[in-house]
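*Asks:* So the sequence lines, in the order shown, correspond to chains A and B. Take the first sequence: its position 25, counted from the start at 1, is 25 in the numbering used here, and no numbers get skipped. Every position in the second sequence, counted from 1, becomes a number in the numbering used here once 1000 is added.
Hints were generated in silico from the structure; no laboratory data involved. Owing to the predicted nature of the structure, the values given are computational and were not obtained by experimental measurement. Glycine residues also receive a C-beta, built at the ideal position from the N, C-alpha and C atoms. Please note: incorrect hints may appear among the correct ones.
[As the list claims (entries may be wrong)] Over the 12 Å line for every Cβ pair with chain A, so calculated as not near, a few chain B residues:
(1) Ser1007
(2) Asn1041
(3) Lys1045
(4) Asp1107
(5) Asp1128
[As the list claims (entries may be wrong)] Derived Cβ-Cβ restraints for the label pairs, each shown as a range:
(6) B:Arg1016 x A:Asp147: 42 to 48 Å
(7) A:Lys30 x B:Ile1108: 46 to 52 Å
(8) A:Asn126 x B:Glu1116: 43 to 49 Å
(9) B:Ala1151 x A:Arg13: 43 to 49 Å
(10) A:Ala109 x B:Ala1151: 30 to 36 Å
(11) A:Arg82 x B:Asp1022: 46 to 52 Å
(12) B:Lys1119 x A:Arg83: 27 to 33 Å
(13) A:Asn126 x B:Glu1087: 25 to 31 Å
(14) B:Asn1103 x A:Lys30: 31 to 37 Å
(15) B:Pro1125 x A:Ala109: 31 to 37 Å
(16) B:Val1021 x A:Glu116: 26 to 32 Å
2 protein chains.
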Amino acid sequence: MTDTEKSQRHQKRMKRHKEVVDDKIQHADKDKGLLLVITGNGKGKSSSGFGMVARALGHNMRVGVVQFIKGAYSTGEEAFFRRFPDEVEYHVMGDGFTWDTQNLDQDIASAKKGWEVCKQLIDDPNIDVVLFDELNIVLKMRYLDTDLVLADIAKRAEMKHVIITGRGAPEAVIEAADTVSRIEDVKHAFRAGFRAQKGIEL
Amino acid sequence: MTDTEKSQRHQKRMKRHKEVVDDKIQHADKDKGLLLVITGNGKGKSSSGFGMVARALGHNMRVGVVQFIKGAYSTGEEAFFRRFPDEVEYHVMGDGFTWDTQNLDQDIASAKKGWEVCKQLIDDPNIDVVLFDELNIVLKMRYLDTDLVLADIAKRAEMKHVIITGRGAPEAVIEAADTVSRIEDVKHAFRAGFRAQKGIEL
């Protein structure tokens, strides 16, 4: 095959691809406040949520964040997004709870307190996007009732986006969601002896 | 089982879990500039990369970004991170290339130009983390030679982190990486007729 033939074949294939994509785009024309779920065992769930926070801020939207699990650690994302108190309402719940506290009652109380904060963000008409980081873990542990949580989320304003991260998303959450991504852990530096790196995991 | 028994059982299980996790953490004690790859068909690859950018900024690190594909669109992440020119060196390459230009030579030229910018960021001692957004697509299309790209990345300073996103990561990239996540598309609002939403996909 000559270079010209190769180039023409490429052009033809790309044109067909573009037509397919354009057609799909034309038929996806509705807007809606989405429920997004990022789950699975791989690295990147929380960071994906925080990337969407950055994206939303780029569109001058206001964002609410509730971090359920990482209360015991200081994280880069918290330090960074707390720079913008007028744009991001940032909450860290708990005390690094679940396996660190080893106290079921305290964990449940922390989770319930956390959900009250989430509900305020869901109801706040000035907030466009909410991120409930690691909520799936809390639901999986049954610290909160998944049906009640989903009912509260369903009552949100039409254009409000809700992002839920954390491994082990319950089936009911996946069913209720508009978009679900499952992150597979193909390989992790941790298993090669490298600890969590600032700017990557922390 | 009484509530007390339940609580004790929980405490015991959590204690065991904590011991396992603590043990793993103790044995992962090395530091290194990681090569991270986020691939797969699901939603969240680029946003995960941008979440790590936010995280790095929270640790006062300096970041370089090269976006290979989205040149034709204005995105929230670009608008947001361009707010911090002293902390983020932000480049958008190409012209929304691949299926929109339908010109193989032009696409290859754009890709090569993009990689020159990447190499400068790799070599810049003032940059701690680089994000090459959608580079996998460029490699998959063979617009760049994967072996050459990996050789350039391998030459980086010891503590520099490199994040590569995009579907279709070549096998050689996965092999060279320290951490690889594959995002599975479980469900996408697009297929239910909802277009890309600001702050979520854009």
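*Asks:* Does each hint fit the structure? Answer for all of them.
*Replies:* Do the hints match the structure? See the list:
| no. | hint | verdict |
| --- | --- | --- |
| 1 | Ser1007 | 5 Å, violated |
| 2 | Asn1041 | 9 Å, violated |
| 3 | Lys1045 | 8 Å, violated |
| 4 | Asp1107 | 9 Å, violated |
| 5 | Asp1128 | 7 Å, violated |
| 6 | B:Arg1016 x A:Asp147: 42 to 48 Å | 30 Å, violated |
| 7 | A:Lys30 x B:Ile1108: 46 to 52 Å | 37 Å, violated |
| 8 | A:Asn126 x B:Glu1116: 43 to 49 Å | 44 Å, holds |
| 9 | B:Ala1151 x A:Arg13: 43 to 49 Å | 29 Å, violated |
| 10 | A:Ala109 x B:Ala1151: 30 to 36 Å | 54 Å, violated |
| 11 | A:Arg82 x B:Asp1022: 46 to 52 Å | 29 Å, violated |
| 12 | B:Lys1119 x A:Arg83: 27 to 33 Å | 31 Å, holds |
| 13 | A:Asn126 x B:Glu1087: 25 to 31 Å | 28 Å, holds |
| 14 | B:Asn1103 x A:Lys30: 31 to 37 Å | 33 Å, holds |
| 15 | B:Pro1125 x A:Ala109: 31 to 37 Å | 49 Å, violated |
| 16 | B:Val1021 x A:Glu116: 26 to 32 Å | 28 Å, holds |
Comparing the model with each earlier hint shows violations of hints 1, 2, 3, 4, 5, 6, 7, 9, 10, 11, 15; every other hint is respected.
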